Every structure is written in structure tokens, then in C-alpha cells.
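Next come the chains, spelled out residue by residue.
There are 2 protein chains.
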Amino acid sequence: MTANDHPLDFLFRPRSIAVVGASTGQGPGSGFLMAIKEMGFSGTLYPVNPKAFELQGLTCYPSLADVPGTVDYVISCIPVALVPQMVEEAAGKGVRAIQFFTAGFGETGDAERAEQESQVLARTRELGIRIVGPNCLGLCCPETGLSFMPGLPPEPGPVGMVSQSGANAGDICRTGGARGLRYSKVISYGNATDLTESDFLDYLADDPATEIITSYIEGIKDGPRFFATLKKAAAAKPVIVLKGGRTEAGGRATVSHTGSLAGELQVFDAVCRQTGAMRVESIDELVDLATAFRYVPVVAGPGIGIVGVGGGNSVLAADDIAAAGLEVPVLPDDTQRQLAEFTPVAGTSVRNPVDTNVGFGPDGPRLMRETLRLVAEAPNIDVIIYQAPIGWGPSRRTSDEDGPSVVEQAKLMAVATGEAVRDFGKPIVTLVRPPLTAEVMEASIAFKEEAAAQNLAIFAAVSSAARALRRVLDRRARFD
Amino acid sequence: MTANDHPLDFLFRPRSIAVVGASTGQGPGSGFLMAIKEMGFSGTLYPVNPKAFELQGLTCYPSLADVPGTVDYVISCIPVALVPQMVEEAAGKGVRAIQFFTAGFGETGDAERAEQESQVLARTRELGIRIVGPNCLGLCCPETGLSFMPGLPPEPGPVGMVSQSGANAGDICRTGGARGLRYSKVISYGNATDLTESDFLDYLADDPATEIITSYIEGIKDGPRFFATLKKAAAAKPVIVLKGGRTEAGGRATVSHTGSLAGELQVFDAVCRQTGAMRVESIDELVDLATAFRYVPVVAGPGIGIVGVGGGNSVLAADDIAAAGLEVPVLPDDTQRQLAEFTPVAGTSVRNPVDTNVGFGPDGPRLMRETLRLVAEAPNIDVIIYQAPIGWGPSRRTSDEDGPSVVEQAKLMAVATGEAVRDFGKPIVTLVRPPLTAEVMEASIAFKEEAAAQNLAIFAAVSSAARALRRVLDRRARFD
Numbered sequence: 001m002t003a004n005d006h007p008l009d010f011l012f013r014p015r016s017i018a019v020v021g022a023s024t025g026q027g028p029g030s031g032f033l034m035a036i037k038e039m040g041f042s043g044t045l046y047p048v049n050p051k052a053f054e055l056q057g058l059t060c061y062p063s064l065a066d067v068p069g070t071v072d073y074v075i076s077c078i079p080v081a082l083v084p085q086m087v088e089e090a091a092g093k094g095v096r097a098i099q100f101f102t103a104g105f106g107e108t109g110d111a112e113r114a115e116q117e118s119q120v121l122a123r124t125r126e127l128g129i130r131i132v133g134p135n136c137l138g139l140c141c142p143e144t145g146l147s148f149m150p151g152l153p154p155e156p157g158p159v160g161m162v163s164q165s166g167a168n169a170g171d172i173c174r175t176g177g178a179r180g181l182r183y184s185k186v187i188s189y190g191n192a193t194d195l196t197e198s199d200f201l202d203y204l205a206d207d208p209a210t211e212i213i214t215s216y217i218e219g220i221k222d223g224p225r226f227f228a229t230l231k232k233a234a235a236a237k238p239v240i241v242l243k244g245g246r247t248e249a250g251g252r253a254t255v256s257h258t259g260s261l262a263g264e265l266q267v268f269d270a271v272c273r274q275t276g277a278m279r280v281e282s283i284d285e286l287v288d289l290a291t292a293f294r295y296v297p298v299v300a301g302p303g304i305g306i307v308g309v310g311g312g313n314s315v316l317a318a319d320d321i322a323a324a325g326l327e328v329p330v331l332p333d334d335t336q337r338q339l340a341e342f343t344p345v346a347g348t349s350v351r352n353p354v355d356t357n358v359g360f361g362p363d364g365p366r367l368m369r370e371t372l373r374l375v376a377e378a379p380n381i382d383v384i385i386y387q388a389p390i391g392w393g394p395s396r397r398t399s400d401e402d403g404p405s406v407v408e409q410a411k412l413m414a415v416a417t418g419e420a421v422r423d424f425g426k427p428i429v430t431l432v433r434p435p436l437t438a439e440v441m442e443a444s445i446a447f448k449e450e451a452a453a454q455n456l457a458i459f460a461a462v463s464s465a466a467r468a469l470r471r472v473l474d475r476r477a478r479f480d
Numbered sequence: 001m002t003a004n005d006h007p008l009d010f011l012f013r014p015r016s017i018a019v020v021g022a023s024t025g026q027g028p029g030s031g032f033l034m035a036i037k038e039m040g041f042s043g044t045l046y047p048v049n050p051k052a053f054e055l056q057g058l059t060c061y062p063s064l065a066d067v068p069g070t071v072d073y074v075i076s077c078i079p080v081a082l083v084p085q086m087v088e089e090a091a092g093k094g095v096r097a098i099q100f101f102t103a104g105f106g107e108t109g110d111a112e113r114a115e116q117e118s119q120v121l122a123r124t125r126e127l128g129i130r131i132v133g134p135n136c137l138g139l140c141c142p143e144t145g146l147s148f149m150p151g152l153p154p155e156p157g158p159v160g161m162v163s164q165s166g167a168n169a170g171d172i173c174r175t176g177g178a179r180g181l182r183y184s185k186v187i188s189y190g191n192a193t194d195l196t197e198s199d200f201l202d203y204l205a206d207d208p209a210t211e212i213i214t215s216y217i218e219g220i221k222d223g224p225r226f227f228a229t230l231k232k233a234a235a236a237k238p239v240i241v242l243k244g245g246r247t248e249a250g251g252r253a254t255v256s257h258t259g260s261l262a263g264e265l266q267v268f269d270a271v272c273r274q275t276g277a278m279r280v281e282s283i284d285e286l287v288d289l290a291t292a293f294r295y296v297p298v299v300a301g302p303g304i305g306i307v308g309v310g311g312g313n314s315v316l317a318a319d320d321i322a323a324a325g326l327e328v329p330v331l332p333d334d335t336q337r338q339l340a341e342f343t344p345v346a347g348t349s350v351r352n353p354v355d356t357n358v359g360f361g362p363d364g365p366r367l368m369r370e371t372l373r374l375v376a377e378a379p380n381i382d383v384i385i386y387q388a389p390i391g392w393g394p395s396r397r398t399s400d401e402d403g404p405s406v407v408e409q410a411k412l413m414a415v416a417t418g419e420a421v422r423d424f425g426k427p428i429v430t431l432v433r434p435p436l437t438a439e440v441m442e443a444s445i446a447f448k449e450e451a452a453a454q455n456l457a458i459f460a461a462v463s464s465a466a467r468a469l470r471r472v473l474d475r476r477a478r479f480d
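Chains as they are written, first to last, in our numbering: chain A, 1 to 480; chain B, 1 to 480.
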């Protein structure tokens with residue numbers, strides 16, 4: 001286990017968990033049980049529900065007070081009205097923290113419900129119990145077997161996340177997971193009644209298992225503290241922030257969602273500028289940046305070599321890279337000359353973009369490798385964006401009957417590209433466009449899986465790759 | 001057949017086609033034959049190749065001169081050096097137009113090859129033969145059975161395209177095809193030696209089968225003529241332009257690709273502003289706009305109702321819509337009150353965004369329909385963006401064992417949404433995120449197919465939908 005003496009580390013290492021309001025059907029309580037079992041939690045898991053004797057193979061207890069022995073951590077899925085009683089029982093069981101999936105507190109805009117939230121906070125403070133939430137999905141920590149949603153990647157990894165929205169956290173985990181990202185700790189914290197964005201950011205900043213911090217934040221509880229914490233975190237690690245409520249309409253929605261006041265975007269952007277945190281505008285952009293920092297942690301300069309197939313495609317790639325503030329330098333004469341030795345003259349270009357069809361010939365794999373080698377060795381190229389034809393709908397050339405299948409071809413391409421990165425010493429990022437057919441989907445999943453094993457960054461579009469690489473370059477200029 | 005007395009209409013109605021240089025293996029000539037047969041061409045198709053007697057079940061002729069009878073249209077896949085002889089033979093066969101897939105002319109930057117291109121042009125002009133290309137894929141017209149690439153949608157439809165790049169044209173056709181778009185005429189015109197972007201734009205402007213014009217353009221041959229043609233076209237129909245070479249790096253790539261001078265983006269943007277053509281920055285954005293104009297031709301105002309699941313998700317949706325210049329008005333009190341009658345208070349919102357979980361219950365379909373009805377009937381809502389949970393990785397609630405499969409559920413949701421559009425009289429657009437798993441891919445393909453049958457617009461993200469709807473609204477403000 002990764003040592004961490006941060007005062008919140010205990011949250012991620014409970015010996016026992018009670019899911020209070022564990023549902024008998026397909027409700028959320030059932031999902032928590034399933035997710036924690038799936039993640040391989042090695043402590044004791046107690047479903048609590050007066051209507052069941054057994055749930056998912058586990059003994060079910062009628063109330064928290066009935067659970068034998070101590071309970072470290074409670075996941076509350078019961079309605080608001082039942083919460084006060086459960087809190088008292090929790091104190092009796094030695095509970096140190098309660099995560100409230102329970103919603104319907106202050107975020108409803110109802111004064112009485114806001115008052116109930118305050119009362120729960122006051123009472124748990126008296127009892128020395130910390131609150132995650134309410135109105136959240138809580139914690140995921142593959143290392144210790146915590147999870148809030150079935151289907152999250154089970155292997156630990158270096159990406160941390162603190163998210164005010166549980167669904168967005170799950171969405172980011174799965175979207176990034178399909179591109180090889182793995183997570184240290186994922187925290188969904190909802191209304192932030194007790195533990196706030198700053199608490200968790202501070203934790204992730206100190207956490208040795210976390211190398212990259214991602215976040216989805218709607219409102220800030222304590223401005224000065226947030227500024228100081230973000231500054232500390234961003235100096236230590238890349239911090240990527242998706243700000244919910246960046247418009248007036250979005251701000252109205254954050255009030256309904258987590259009772260958060262979203263604040264002015266200009267203020268938030270000034271905070272990012274001053275601290276070095278990086279704001280993004282979508283889940284996809286967040287995953288793009290995390291992917292770039294994970295797999296291309298060092299971008300030495302702005303020179304991008306484009307290697308791909310198709311003239312119009314190459315033009316658009318060059319435009320997207322330049323629009324992102326990177327460069328597409330003309331390759332040195334010597335490199336062009338060497339490429340021209342084996343690249344047919346018609347329908348191609350060796351200047352950069354390198355628009356080549358050598359991959360289609362019988363000697364394709366060797367010539368593509370040679371192309372990547374020559375481009376990687378050019379002194380004005382810092383990163384190669386390789387438009388391998390993965391995910392382009394029906395492939396233009398189907399494989400020979402005796403040759404490898406489309407899926408097999410995709411895997412081989414990922415392996416060959418991974419080798420090229422290691423052999424030629426320059427980062428290569430690859431593209432996998434959203435597939436249009438089931439067959440290409442299969443190939444694209446195979447490519448992504450092998451690419452992750454090869455530590456390759458993959459993006460859905462050149463524009464996304466270029467914008468993310470530019471952010472990596474900018475961060476280096478600021479902090480190195 | 002759609003009547004069209006434009007002087008270029010003959011290009012799309014050849015009685016016979018010769019593919020000169022039809023390849024015996026998997027080369028491009030073989031692809032043209034396959035594509036034209038697949039598209040159901042009812043005229044005569046002649047492969048020409050001195051090395052074969054028969055290709056794909058068709059008699060093959062050693063030279064164009066050997067083909068029996070007249071030939072209307074030639075697709076040239078032979079090297080540059082063999083072109084002059086073939087042109088002479090074409091004249092003897094009564095050929096009216098030649099499409100040159102043949103590349104390696106002026107676009108190589110080689111003076112001798114540029115001179116060869118000029119000579120071919122001069123000689124075909126003398127002979128009264130029109131040229132499409134060179135360095136292009138040519139024509140696709142489902143109505144008459146022309147195609148340049150296997151796998152293009154076979155049904156005719158109202159979207160026209162003129163593209164300087166063949167691969168981009170194919171890419172747009174297939175990407176849009178998966179969202180239900182169908183095409184009238186698709187033209188890839190490469191170096192534009194004879195027939196230019198203005199010729200084809202003028203044709204599509206007059207073509208009664210074309211209701212929406214899309215284009216990928218790298219360089220402009222004749223500025224004043226282009227301006228006049230674009231003005232005529234944009235006044236008649238929505239014209240969407242993807243400009244290749246919008247940056248200096250992209251401009252260098254257009255020279256290598258089609259020998260085109262890309263020009264200044266500011267000039268191009270001024271032309272678009274003055275004519276009402278709409279410039280986009282990617283293939284995806286082009287398809288988004290074509291989808292919006294195809295399925296939501298009238299957007300009455302900027303008021304968007306968001307219906308979906310998940311608070312954080314709803315916040316981001318509201319942000320994306322406001323950032324695109326549309327509005328997310330608070331629903332009238334009366335609408336909110338009626339929604340609240342059947343929407344649980346915890347974890348939801350009925351203000352707009354409508355963040356609702358009613359779809360998950362046993363009475364889900366009816367309550368979702370009721371939700372859509374109430375939002376559609378709100379006087380301040382012009383379009384609904386419905387975030388049906390399609391394509392979100394593993395679905396949060398898997399279907400009951402006895403219930404419909406995930407694929408079946410997806411189809412039912414598309415049918416129900418289509419009915420809601422017809423019954424409640426307001427446009428509803430839906431979202432399908434790029435799927436992460438093979439199972440969700442299957443569901444998402446099923447949803448898209450049914451959505452197309454229901455005339456529903458689908459987008460990959462709220463931001464894309466909002467930007468496209470804004471463009472529809474803007475065009476109406478300008479031209480109506």
C-alpha cells in the first residue's frame with residue numbers, strides 16, 4: 001500500500017463498510033454492494049435493510065445498530081427522514097465517516113431540507129464523524145477495493161479525481177479507462193457540506209499514488225483556501241479542472257444540482273492563471289489532457305510531425321495543429337530525400353505532413369516503421385502524430401483472406417507503434433476515430449487495449465491531440 | 001429521375017463507363033469497379049487493362065480503343081505517362097468526360113509534371129472532353145449508380161457535396177451516413193484543372209435533388225466567379241464549407257495535395273459573411289450542420305429545453321448550450337408544477353435542465369413521454385435536446401432478464417422519441433455518445449438506424465448539437 005499520512009487517508013482504508021439502505025432490487029444500494037465486491041474489497045461489507053436477510057450473498061442486518069462489531073465507513077442510501085436516527089447508530093458503532101448517497105437536502109432549494117442538512121452536519125461534527133456528500137457517489141480506490149459504480153477500471157493507476165458530480169466522475173473514469181487511464185482515488189463529493197473540494201484537492205496533492213489530478217467542480221466553498229490549495233496542487237502535479245456552471249444557465253443548474261453558487265467564470269479563470277491549474281470545457285477535453293500528461297509527460301518543443309494517409313486529411317491535420325498553437329515544420333531536405341527513396345511520388349507528400357501510402361504495400365509494416373524512424377530523427381520534430389487508419393469506417397483495403405484479420409492488424413499496428421516510440425526516442429501519439437461499424441469497433445477496442453499496454457497516447461481527433469500536447473508544453477514552460 | 005437541365009448534368013448520367021487501368025489486385029481501379037457495381041449502375045461498365053481478360057465478372061479490354069461501341073465517361077487509373085495516348089483513344093470512342101484518379105501532375109511541385117497537366121488540359125479542350133480532376137476520386141450519384149468508393153450509402157438523399165479531397169468526401173459520406181444522411185451527388189474534383197469548385201457549386205445550386213450543399217475546398221481558381229456562385233448557392237440552400245488550408249501550415253499542405261493556393265482565411269471568412277455560406281472547422285462539424293439542416297430545418301427561436309439524467313451532466317449541457325449562443329430558459333411555473341407531480345424530489349430538477357430519473361422506473365416509457373410533452377408544450381421552448389442514455393458505456397441499469405435487450409431498448413427509445421416529435425410539434429434532437437464497449441456499440445447503431453427512420457437528428461455531444469442549431473437559427477434570420 002502507498003503510504004500517506006494525510007489526515008484524510010483513513011477514508012480510503014476502511015476495515016469495514018456498511019451500506020445502509022442496500023436495496024433488494026436494482027436500486028443504488030445494490031449498485032454500491034456490487035461495485036465494492038467487484039473491486040475486491042478485502043474488509044467486511046455489511047448490507048443494512050430491515051426487509052432482507054441476505055443480499056448478494058452477504059448477511060443483511062435490519063439496522064446499523066444490529067451490525068456486529070465496529071463499522072469504519074457508512075454508505076447511506078436511505079431517505080433524508082431516516083438519516084438522524086442512523087447517525088446516532090453510527091456513533092455507537094464507531095463510524096468515522098459517512099458518505100451520503102442520500103439526496104434531497106439543501107440542493108432542492110427547500111428551506112426545511114436545507115435546515116435538515118445543517119442539522120446533520122452539526123450532529124456529525126459533535127460526534128466526530130466526517131461527511132462525504134450528501135448527494136454524491138463517494139469514493140473509488142482500486143488499491144483498497146472501494147468503488148461507487150460497477151464497471152470502473154479495477155487496476156490502480158496514477159490519475160486522481162475529485163468531482164462534485166458522481167455521474168460525471170463515473171463517466172470520466174470509463175471514458176478515460178477505454179484509453180488506458182487508471183485511477184488512484186476518485187472522489188465524488190456532492191453538496192460538500194463537511195469535506196469540500198479543497199480538502200480532497202489537498203489530499204490528492206499530497207498523495208504519492210496520484211501523479212495527475214482531474215476535477216469537476218461546480219462551486220467553491222471557501223475562496224482563499226481553494227486558491228491556496230489549488231496553487232499547492234498545481235505546483236506539485238498537473239491539475240485539470242472542468243468547471244460546471246461556466247455560464248449563467250449552467251450556474252442556475254449547479255444550484256439545482258448541488259446547491260452550489262457557480263461564481264463568475266472570469267474569476268475562476270484568473271485563479272487558474274495564477275495557480276497554473278488548467279481549465280477544460282468538456283469531459284472529453286479533460287480525458288484528452290489526462291491522456292497527454294499520462295503518456296507524453298514531456299513535450300520538448302512545438303514541432304509536430306504528421307504521418308498519415310490522405311491528402312485532404314493531412315491538410316486538416318496541419319490546420320488543426322497550427323490552430324492549437326503548435327508547428328508543422330517542413331522536414332529537413334535530407335529527411336525528405338530519404339523518404340522519397342521509397343515513397344511513390346503520385347498522391348503523396350514527404351514534406352510534413354507526410355502523406356504516404358507505403359503502408360498498403362506488401363512491405364507495409366517495414367516501410368511505415370522506416371517512415372516513422374526518419375520523421376522521429378528529424379531535429380525539428382518533437383512529437384509525431386500518427387494517423388494510423390483505425391476507426392475510419394470500412395477500411396479501404398480489407399485484409400487478404402490468408403492475412404491477419406482487421407482486429408489482428410489493429411493490434412499489430414499498436415505494437416509496432418509502441419516499438420517505434422521506444423526505438424526512435426520521440427513520442428508518437430495515435431488516433432482512433434469513433435467507429436461507425438461493429439467490425440471497426442472491435443478493431444478499435446483491440447487497438448486501444450494494445451496501445452494502453454504499450455503506453456501510447458490515443459486521441460479521437462488531431463485537434464484534440466494537438467490542444468492537449470500544447471497544454472503539456474505550456475505547463476513545462478511555467479513550472480520547469 | 002430528377003430533371004436538371006444544367007450543362008454539367010450529363011456527367012451524372014453516363015450510359016457507359018470505362019475504367020482504364022482497372023487493377024487485377026486490390027488497387028484503386030478495382031475499387032471503382034466494385035463501387036459502381038455495388039451502387040447498381042444500369043449502364044455498361046468496361047474494365048480496361050491489357051493484362052486481364054476478365055475482371056470482377058466483366059469482360060476486360062486491352063485498351064480504350066478496343067472497347068466496343070461508344071463510351072460516355074472514363075475513369076483513368078493509369079500513370080501520367082500513359083495519359084496522352086488514352087486521351088486520343090477517348091476522342092475516338094466519343095467520350096464526353098474523363099475523371100482522372102491519376103495523380104502525379106502539378107501537385108507534385110515538379111515543373112515537368114505541371115506542364116504535362118497543362119498539355120492534357122489543352123488537348124482535352126480541343127477534343128471537347130471535360131476533365132474531373134486530376135488527382136481525385138470523381139463522382140458518386142446513388143440515383144444513377146455512380147460511386148467512387150465501396151460502402152457509400154446506396155439510397156439517394158438531399159445532401160450534395162463538392163470536395164477537393166476524395167478521401168475527405170468518402171469520410172464525410174460515411175460519417176454522415178451513420179447519422180442517416182443520404183446524398184444526391186458527391187463530387188471529388190482534386191486539382192480542378194478544367195472543372196472547378198465554382199462549376200460544381202453552380203450545378204448543386206441548380207440541382208433540384210440537392211437541398212443542402214456541403215463542401216471541402218482547398219483553393220479557389222477564380223475569386224470573383226467563386227464569390228458570385230457561392231452567393232447564388234447560399235441564397236438557394238444552406239451551404240456548409242470546410243476550408244482546407246486555414247492556417248499557414250495547412251496552406252503548405254494544400255500545395256502538396258492539390259497544388260492549391262489556400263489564400264488568407266480572413267478573405268475567405270469575409271466571402272462567407274457576405275454570401276451567407278457557413279464555414280466549419282472539421283468534418284465532424286460539417287456533418288453536424290448537415291444533420292441539423294436535414295432534420296431540424298426550422299428552429300423557431302433560441303429556447304432550448306434539456307431533458308436528461310444526471311445533475312453534473314445537466315450542468316454541462318446548460319453550459320454548452322449557453323456557450324453556443326442559445327438559451328436555457330427556466331420552465332414556466334405551471335410546467336414545473338406538472339413535472340413535479342410525478343418526478344421524485346431527490347436527485348432531480350424540473351426547472352430546465354430537466355434532470356429526471358423517471359425513465360428508470362417500471363412506468364418509465366410513459367413518464368418520459370409525459371416529461372417530453374410538458375417540456376415541448378412550454379411556450380419558451382423551441383427545441384428539446386434529449387439526452388437519452390445511449391452510448392454511455394455500461395448502462396447503469398441493465399435490463400431485466402425478461403425485458404427487452406439493450407439493443408431493443410435503444411430502438412424503442414428512438415421510436416418513442418420520433419413519436420414525441422410528431423405528437424407534440426416541437427423538434428427534439430437526441431445524443432449518442434461514442435460507445436466504449438461492443439455491446440453499447442450495437443445499441444448505438446440500432447438507435448441511429450431507427451432514429452434515421454424516424455427523421456431524428458442525432459449528435460455526439462450537446463455542444464455539437466447546440467452549435468449546429470445556432471447556425472440553423474442564424475441562417476433563418478439572414479435569409480427568411
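Hint data in this document are derived by calculation from the structure and do not stem from the laboratory.
Source: prediction; values computed, not measured.
All C-beta atoms, glycine included, are put in the ideal place defined by N, C-alpha and C.
Hints are supplied without guarantee of correctness; some may be wrong.
As the list claims (entries may be wrong) - Some chain B residues well away from chain A (every beta-carbon gap over 12 Å; in silico):
#1 7
#2 51
#3 93
#4 341
Said to hold, decoys possible - Covered by chain B, according to a simulated footprint, are these stretches of chain A (three or more residues, beta-carbon under 8 Å):
#5 233–246
#6 327–333
Now for the hints, and whether the structure bears them out:
Every Cβ of chain A is farther than 12 Å from the Cβ of residue 7(B); the closest lies at roughly 27 Å, confirming the non-interface assignment. Consistency note on residue 51(B): stated as away from chain A, and its beta-carbon is indeed over 12 Å from all of that chain's, at 18 Å minimum. Distance check for residue 93(B) against chain A: the nearest CB is about 25 Å away, which clears 12 Å, and the non-interface claim stands. With a cut of 12 Å on Cβ distances, residue 341(B) stays outside the contact zone with chain A, its closest approach being about 16 Å.
Using a Cβ-Cβ cut-off of 8 Å, 4 residues of the region 233–246 of chain A lie near chain B, which meets the minimum of three, so the contact claim holds. For the region 327–333 of chain A, the proposed coverage by chain B is satisfied: 3 residues have a C-beta within less than 8 Å of a C-beta in that chain, meeting the threshold of three.
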